[in-house]
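**Student:** Using the hints, position chain B against chain A.
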Amino acid sequence: DAGVIQSPRHEVTEMGQEVTLRCKPISGHDYLFWYRQTMMRGLELLIYFNNNVPIDDSGMPEDRFSAKMPNASFSTLKIQPSEPRDSAVYFCASRADSKNIQYFGAGTRLSVL
Amino acid sequence: AQSVTQPDIHITVSEGASLELRCNYSYGATPYLFWYVQSPGQGLQLLLKYFSGDTLVQGIKGFEAEFKRSQSSFNLRKPSVHWSDAAEYFCAVEGGSYIPTFGRGTSLIVHP
Chain A
182 DAGVIQSPRH EVTEMGQEVT LRCKPISGHD YLFWYRQTMM RGLELLIYFN
232 NNVPIDDSGM PEDRFSAKMP NASFSTLKIQ PSEPRDSAVY FCASRADSKN
282 IQYFGAGTRL SVL
Chain B
222 AQSVTQPDIH ITVSEGASLE LRCNYSYGAT PYLFWYVQSP GQGLQLLLKY
272 FSGDTLVQGI KGFEAEFKRS QSSFNLRKPS VHWSDAAEYF CAVEGGSYIP
322 TFGRGTSLIV HP
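So the protein lines, in turn, are chains A and B. In terms of our numbering, the first sequence is residues 182 to 294. In terms of our numbering, the second sequence is residues 222 to 333.
Bound conformation, chain A alone (with noise of 0.2 Å):
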């Protein structure tokens, strides 16, 4: 298996302006994650799915913030507007199960201007 694979890798934007990262997440794994990492706050988890259900969102910062996962092979995460302070590493992360360990992507690494 390939692994976790996200896209872009970097993200160039200007403030104001939409952003979306997209994750394919390993095949059969049942649930996907989103995390952010600055190095003020470290890693965070914005969101997570289970078989495609968004479970929790507590950790998505704003409404400017959007997360969906319409099918069990693709997810976005998506930003609008984006500010500045949105720059950062964004990982998903996927998992078989809730016994099991998390495979993380490469991360896209973002950057508002």
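It is possible that some hints are incorrect.
Stated by the list, open to error - Straight-line Cα separation of at most 20 Å, SDA-like style, residue types lysine to any residue; simulated pairs: (1) K205(A) with Q266(B); (2) K270(B) with S318(B); (3) K259(A) with I236(A); (4) K259(A) with T194(A); (5) K205(A) with R190(A); (6) K205(A) with Q263(B); (7) K205(A) with L227(A); (8) K205(A) with G262(B); (9) K205(A) with N233(A); (10) K282(B) with I282(A); (11) K270(B) with A277(A); (12) K270(B) with R245(A); (13) K270(B) with Y212(A); (14) K270(B) with D278(A); (15) K249(A) with L294(A).
To be clear, the hints were calculated from the coordinates, so they are not data collected in a lab.
**Tutor:** Structure of chain B alone, referenced to chain A:
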């Protein structure tokens, strides 16, 4: 609620020296415990995990960790560090929710 503390932000060791990275957790029962490593520009990779049983856990790349319930600790060790071990190391704890909480990480610097 679960939490994890990695007291050391940076650790510097010489190549060939031994290594111990500290991790303390807070959880009411026996949790699941993990150590991940993150190389620059990469995602987190699992080094080892503790679910139950033997409290000394062996992982990849020659790493091991010991679960000490009395100290609420899960320290990571390696007897001889290689330059390629330079990376960020994260300890994580999982309780009943099966959703991990990650520490802030420890940056390992290896001197030649």
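**Student:** Against each hint, give a clear statement of whether it holds in the structure.
**Tutor:** Status of the hints after comparison with the structure:
1. Taken as a hint, the K205(A) and Q266(B) pair is honoured in the structure, with Cα atoms around 17 Å apart against an allowance of 20 Å.
2. This hinted pair checks out: K270(B) and S318(B) have alpha carbons roughly 17 Å apart, not beyond 20 Å.
3. Proposed proximity of K259(A) and I236(A) is supported: the alpha carbons are some 17 Å apart, at most 20 Å.
4. With a C-alpha separation of about 13 Å, the suggested pairing of K259(A) with T194(A) holds against the 20 Å cut-off.
5. Between K205(A) and R190(A) the alpha-carbon distance is near 13 Å, which keeps this suggested pair within the 20 Å criterion.
6. Taken as a hint, the K205(A) and Q263(B) pair is honoured in the structure, with Cα atoms around 16 Å apart against an allowance of 20 Å.
7. Distance check on the hinted pair: K205(A) and L227(A) sit about 17 Å apart at the alpha-carbon level, within 20 Å; holds.
8. For the hint pairing K205(A) with G262(B), the CA-to-CA distance comes to about 18 Å; that is within 20 Å, so the pair holds.
9. For a cut-off of 20 Å, the pair hint linking K205(A) to N233(A) stands: about 12 Å separates their Cα positions.
10. The hinted pair formed by K282(B) and I282(A) meets the criterion: a straight-line CA distance of about 18 Å does not exceed 20 Å.
11. Between the alpha carbons of K270(B) and A277(A) the distance comes to roughly 16 Å, so the proposed pair stays at or under 20 Å and holds.
12. At roughly 35 Å between alpha-carbon atoms, K270(B) and R245(A) are farther apart than 20 Å, so this suggested pair is violated.
13. Between K270(B) and Y212(A) the alpha-carbon distance is near 19 Å, which keeps this suggested pair within the 20 Å criterion.
14. Among the hinted pairs, K270(B) with D278(A) is consistent with the structure: their alpha-carbon atoms are about 16 Å apart, no more than 20 Å.
15. For the proposed pair K249(A) and L294(A), the alpha carbon gap of about 25 Å is over 20 Å, so the pair is violated.
In terms of the numbered hints stated before, the structure departs from hints 12 and 15, listed from lowest to highest.
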